[in-house]
Amino acid sequence: SQTIHQWPATLVQPVGSPLSLECTVEGTSNPNLYWYRQAAGRGLQLLFYSVGIGQISSEVPQNLSASRPQDRQFILSSKKLLLSDSGFYLCAWSAGQRETQYFGPGTRLLVL
Amino acid sequence: KQEVTQIPAALSVPEGENLVLNCSFTDSAIYNLQWFRQDPGKGLTSLLLIQSSQREQTSGRLNASLDKSSGRSTLYIAASQPGDSATYLCAALSGTYKYIFGTGTRLKVLA
Chain A
1 SQTIHQWPAT LVQPVGSPLS LECTVEGTSN PNLYWYRQAA GRGLQLLFYS VGIGQISSEV
61 PQNLSASRPQ DRQFILSSKK LLLSDSGFYL CAWSAGQRET QYFGPGTRLL VL
Chain B
1001 KQEVTQIPAA LSVPEGENLV LNCSFTDSAI YNLQWFRQDP GKGLTSLLLI QSSQREQTSG
1061 RLNASLDKSS GRSTLYIAAS QPGDSATYLC AALSGTYKYI FGTGTRLKVL A
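So the sequences go chain by chain: A and B.
Going by this note's numbering, the first sequence opens with residue 1, and the numbers climb by one from there.
Going by this note's numbering, the second sequence opens with residue 1001, and the numbers climb by one from there.
The shape of chain B in the complex, shown without the other chains (with noise of 0.2 angstroms):
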């Protein structure tokens, strides 16, 4: 049974710093993982989707990693900004259809 998690569950950062934020999941047999942002009170918007047999997905500031043999995947965010403060969710596919989420790391960015 998959299983996701995501450490830390929350983080506040200075505004300008580079972060890391991880993924872990324990089945490595994924299709593919994807890294979302929840704003409070709102639905999640995708940011990054790495298929299995990639590495790495870059998007602007943003930057996911996959290691399937560890079971590990990062999210980079470079030059952090206010604006990037919300909750960020990894899911890993691993079944059919089914998305199995983290429970989130909840990011604030100081200014």
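In isolation and in its complexed conformation, chain A is listed as follows (with noise of 0.2 angstroms):
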């Protein structure tokens, strides 16, 4: 069966540090993979998605970046967070293109 990890599970930096949250997918081979982040109180918002290695496609103009050094694990990275990236940030795969997405554990990250 297939399992997604995310780690860290919470993490707490201050403003103006890197950010590396990373992502793995066990028991499926290229997947499409997903992050998305979920603000307190907003809808979860597509940062970043990508159909194969190396292959990346950004929703939303940031300070955020991701990569995909392998087949199944998808890296979130920022050189210098910002308050704004607080969040809850979650990563997803599925099959296919029209495939049910499905999702980590998440990591909260407080920016202070």
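Just so you know, the hints here were simulated from the structure itself, not pulled from any lab data.
Predicted model, so just to flag it, every value in this text is computed and none were measured.
Each hint should be verified, as a subset may be incorrect.
[To be verified] DSSO-like cross-link-like pairs, simulated, lysine-lysine; straight-line CA separation at most 30 angstroms:
{"#": "1", "chain 1": "B", "residue 1": "Lys1108", "chain 2": "A", "residue 2": "Lys79"}
{"#": "2", "chain 1": "B", "residue 1": "Lys1042", "chain 2": "A", "residue 2": "Lys80"}
{"#": "3", "chain 1": "B", "residue 1": "Lys1098", "chain 2": "A", "residue 2": "Lys79"}
Both chains are given apart, each in its own frame, so use the hints to dock them into the complex.
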């Protein structure tokens, strides 16, 4: 069966510090991968998606970036965090474009 | 631009009651619509996915319907239980890969 992991579960970072969140998927190959952010009181916002290694599409201009160094690994990064980057970050995968999306447990990021 | 709305934002019901959660979307040209459950501080769990060619999907006590022409989907929960308490989110896929999410309905089932 497929599983999706995210770490860390919780992170508290000062403004201006770098960020690296990791997501890995097990039990499938060549998944579509997604990064979402859920801010308090707001819906989920798609940040990045990837259909293959090295293929990243950005949905929202911001100081975040994403990379996919391996087939089942998706990394969300920032060089300098802003207060507005605080939120709940969720990684998801799907087998194809219009298939069910399966979400990881999320990372709660607090930027102080 | 697709917009997804969920009403009500919060709902409290006594245990055993049948209930309906509503989801509306502005652009009827969707590929599918998905319902999720989110427990506090947790990720999303997929409940049901309805393809654009389908009218409804069922899983246990859950039934989701889709009416593209009116831009609406409903999630019906039969015989609600305290364990059903969570936030329910709907998401419409109308772009290439992009799901547009509603802000959710926070459900509390009282024992």
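So, going through the hints one by one against the coordinates:
{"no.": "1", "hint": "B:Lys1108 x A:Lys79", "in the structure": "violated, 40 angstroms"}
{"no.": "2", "hint": "B:Lys1042 x A:Lys80", "in the structure": "holds, 26 angstroms"}
{"no.": "3", "hint": "B:Lys1098 x A:Lys79", "in the structure": "holds, 26 angstroms"}
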